[in-house]
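Asker: Residue numbers (this note's numbering), protein chains in the order written: chain S, 142 to 300; chain P, 142 to 300; chain L, 142 to 300; chain F, 142 to 300.
There could be a bad hint or two in this list.
The list treats identical chains as interchangeable, and a pair is accepted whether it falls inside one copy or across any two copies.
What the hints assert, rightly or not - Pairs of lysine to any residue residues, derived as SDA-like cross-links and limited to a Cα-Cα distance of at most 25 angstroms, are as follows:
hint, residue 1, residue 2
1, K236, R296
2, K236, H295
3, K191, V155
4, K238, E203
5, K191, L270
Simulated from the structure, these hints should not be mistaken for lab results. As the structure is a prediction and not an experimental result, all values here were calculated from the model.
There are 4 protein chains.
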Amino acid sequence: MIDIFTTGGTIDKVYFDALSEYHIGPTPLPNMLAENNVFVPHRVTQLMRKDSLELTDSDRAEIRAAIVASDADKVLITHGTDTMVQTASALADIKGKTIVLTGAMQPATLRNSDAEFNVGFALAAVQTLAHGVYIAMNGEVFDSATARKDRSAHRFMHE
Amino acid sequence: MIDIFTTGGTIDKVYFDALSEYHIGPTPLPNMLAENNVFVPHRVTQLMRKDSLELTDSDRAEIRAAIVASDADKVLITHGTDTMVQTASALADIKGKTIVLTGAMQPATLRNSDAEFNVGFALAAVQTLAHGVYIAMNGEVFDSATARKDRSAHRFMHE
Amino acid sequence: MIDIFTTGGTIDKVYFDALSEYHIGPTPLPNMLAENNVFVPHRVTQLMRKDSLELTDSDRAEIRAAIVASDADKVLITHGTDTMVQTASALADIKGKTIVLTGAMQPATLRNSDAEFNVGFALAAVQTLAHGVYIAMNGEVFDSATARKDRSAHRFMHE
Amino acid sequence: MIDIFTTGGTIDKVYFDALSEYHIGPTPLPNMLAENNVFVPHRVTQLMRKDSLELTDSDRAEIRAAIVASDADKVLITHGTDTMVQTASALADIKGKTIVLTGAMQPATLRNSDAEFNVGFALAAVQTLAHGVYIAMNGEVFDSATARKDRSAHRFMHE
Numbered sequence: 142m143i144d145i146f147t148t149g150g151t152i153d154k155v156y157f158d159a160l161s162e163y164h165i166g167p168t169p170l171p172n173m174l175a176e177n178n179v180f181v182p183h184r185v186t187q188l189m190r191k192d193s194l195e196l197t198d199s200d201r202a203e204i205r206a207a208i209v210a211s212d213a214d215k216v217l218i219t220h221g222t223d224t225m226v227q228t229a230s231a232l233a234d235i236k237g238k239t240i241v242l243t244g245a246m247q248p249a250t251l252r253n254s255d256a257e258f259n260v261g262f263a264l265a266a267v268q269t270l271a272h273g274v275y276i277a278m279n280g281e282v283f284d285s286a287t288a289r290k291d292r293s294a295h296r297f298m299h300e
Numbered sequence: 142m143i144d145i146f147t148t149g150g151t152i153d154k155v156y157f158d159a160l161s162e163y164h165i166g167p168t169p170l171p172n173m174l175a176e177n178n179v180f181v182p183h184r185v186t187q188l189m190r191k192d193s194l195e196l197t198d199s200d201r202a203e204i205r206a207a208i209v210a211s212d213a214d215k216v217l218i219t220h221g222t223d224t225m226v227q228t229a230s231a232l233a234d235i236k237g238k239t240i241v242l243t244g245a246m247q248p249a250t251l252r253n254s255d256a257e258f259n260v261g262f263a264l265a266a267v268q269t270l271a272h273g274v275y276i277a278m279n280g281e282v283f284d285s286a287t288a289r290k291d292r293s294a295h296r297f298m299h300e
Numbered sequence: 142m143i144d145i146f147t148t149g150g151t152i153d154k155v156y157f158d159a160l161s162e163y164h165i166g167p168t169p170l171p172n173m174l175a176e177n178n179v180f181v182p183h184r185v186t187q188l189m190r191k192d193s194l195e196l197t198d199s200d201r202a203e204i205r206a207a208i209v210a211s212d213a214d215k216v217l218i219t220h221g222t223d224t225m226v227q228t229a230s231a232l233a234d235i236k237g238k239t240i241v242l243t244g245a246m247q248p249a250t251l252r253n254s255d256a257e258f259n260v261g262f263a264l265a266a267v268q269t270l271a272h273g274v275y276i277a278m279n280g281e282v283f284d285s286a287t288a289r290k291d292r293s294a295h296r297f298m299h300e
Numbered sequence: 142m143i144d145i146f147t148t149g150g151t152i153d154k155v156y157f158d159a160l161s162e163y164h165i166g167p168t169p170l171p172n173m174l175a176e177n178n179v180f181v182p183h184r185v186t187q188l189m190r191k192d193s194l195e196l197t198d199s200d201r202a203e204i205r206a207a208i209v210a211s212d213a214d215k216v217l218i219t220h221g222t223d224t225m226v227q228t229a230s231a232l233a234d235i236k237g238k239t240i241v242l243t244g245a246m247q248p249a250t251l252r253n254s255d256a257e258f259n260v261g262f263a264l265a266a267v268q269t270l271a272h273g274v275y276i277a278m279n280g281e282v283f284d285s286a287t288a289r290k291d292r293s294a295h296r297f298m299h300e
């Protein structure tokens with residue numbers, strides 16, 4: 142069993158005409174996994190709908206508690222990219238689980254979004270990596286202790 | 142360095158109006174990897190453009206030779222799904238490399254294709270799995286010795 | 142009321158993995174019109190599912206009969222492009238109706254299909270043109286008596 | 142010749158990761174028209190990049206001046222939907238031209254955008270309607286003097 146927790150971030154953004162702006166909507170993960178014919182046992186839980194810049198210590202405690210409470214040892218988290226490293230740090234001392242964080246630079250609702258590719262990538266990473274906390278972005282697995290997002294380059298780097 | 146060899150199959154199919162049918166076209170992999178902001182070192186080589194039902198022993202020998210000749214120990218192959226298991230068998234005794242085969246049930250040119258998800262999945266698998274030959278489809282890693290495609294269910298199964 | 146009759150053709154093609162080829166499926170028109178927030182009164186009827194090269198005189202008689210039997214004076218027909226001109230000829234003497242034929246060079250299921258654009262274009266044409274039979278393709282209205290498809294140029298021309 | 146002027150609005154919005162929000166980008170019209178195989182003579186000019194709620198009287202005077210200065214009698218304008226009616230009013234007394242305004246409820250960059258359908262629709266309307274100012278949205282032509290946007294219903298209505 143793989144536990145998938147969604148927290149919001151760009152990957153979950155949909156466009157609201159009535160507000161003339163983007164807001165975080167229902168997670169696209171269940172539809173995405175079904176459309177891509179994923180049959181490996183998994184559960185999707187939408188924990189929160191927040192831009193990652195708005196995540197508080199209390200939110201991170203809630204994410205952490207959900208992971209600890211899960212009976213799964215494979216945990217995939219979708220998350221905004223701006224504070225993904227910070228959340229990974231807050232999870233660093235959880236033992237006995239493979240925890241992989243991913244997200245997207247472009248909302249899943251966009252034609253050219255990196256969402257499907259990144260979730261596919263992360264879903265393999267969470268099934269194949271040893272216990273630990275990882276960031277899976279840009280077609281690469283990053284050690285969460287030494288990763289950082291380079292905003293101007295639209296990518297994660299090894300520090 | 143990851144060597145990516147494309148061989149054709151559904152993933153590479155494009156629609157030709159002049160023929161009123163689908164044919165295998167140029168591989169979408171380089172554009173797909175660029176659009177998904179993949180920076181991990183890789184090379185894409187289009188080995189052939191064939192439906193996998195048309196692949197011959199000679200074609201499989203060519204795929205094998207390309208892998209053996211490569212200086213990379215991580216090799217990703219895109220391939221039609223119908224004979225993916227058969228090609229994997231022909232590669233089974235290559236030592237010292239992680240070889241991952243993937244493909245798609247729907248051409249990458251389609252709105253709801255599983256191509257991006259599957260390539261993302263396979264790209265993580267090839268970087269994280271031990272040496273050996275694997276099939277990466279349906280969000281799952283299959284041992285190539287015991288995988289089979291269930292055509293009516295549109296998915297791969299463990300035998 | 143606008144009567145929309147679908148007959149098949151490239152616009153309706155979907156990919157069947159089990160056959161490794163494209164076949165004509167259920168018409169995408171109802172979903173397409175709903176997704177594009179079309180509220181103008183209309184009905185969609187799938188008359189047949191044929192490649193236009195396979196349409197017979199009997200099929201054309203059936204299309205003609207459906208139009209004549211309709212109480213609507215605005216009729217939109219989706220049709221394969223290869224024999225669209227021929228079908229238009231078979232409808233040329235229907236009086237008192239605006240009949241517009243459209244189709245697509247790429248199936249509606251493709252990312253870069255011209256299907257939505259063409260149906261949008263034809264839906265305006267059928268509401269604004271005088272009675273007669275027209276072909277609406279390539280962002281242009283063609284007199285069905287002088288239009289022809291240039292297969293190599295992927296477009297319709299005025300003869 | 143058809144003159145196409147773009148002014149911004151939802152149709153032109155692209156997602157900027159660095160800002161975690163949507164901004165108006167380069168107009169998608171030239172690519173969209175090319176991808177849809179439009180060969181009818183036309184020119185695309187990006188007049189401005191503004192959300193329609195931010196358009197000033199001075200902006201409307203600029204749009205008006207561009208139309209008056211054009212030697213084309215067919216003018217298509219892409220525009221944000223929120224003040225499309227107001228801009229249409231500012232153009233109402235231009236004589237000798239068919240002026241059609243269209244836009245989208247969802248950015249053209251989105252998978253399920255109504256942008257292509259609406260531009261296709263408007264391109265037919267501008268070629269077939271008598272001189273005057275029209276709004277082409279929701280698969281319908283609206284008299285700009287009596288149209289209004291119902292924000293909660295995501296559609297235009299006849300008043």
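Asker: Give a verdict on every hint.
Answerer: Status of each hint after checking the structure:
Within a single copy, K236 and R296 get their C-alpha atoms no closer than 28 angstroms, and across copies no closer than 34 angstroms, so neither meets the 25 angstroms cut-off. Within a single copy, K236 and H295 get their C-alpha atoms no closer than 31 angstroms, and across copies no closer than 37 angstroms, so neither meets the 25 angstroms cut-off. When the C-alpha separation of K191 and V155 is checked against a cutoff of 25 angstroms, the pair qualifies both within a copy, at 13 angstroms, and between copies, at 20 angstroms. For the identical chains of this complex, K238 and E203 are intra-copy neighbours only, at 17 angstroms inside a copy versus 41 angstroms across copies, given an alpha-carbon limit of 25 angstroms.
Neither within a single protomer nor between protomers do K191 and L270 lie at most 25 angstroms apart by alpha-carbon distance, with minima of 28 angstroms and 34 angstroms respectively.
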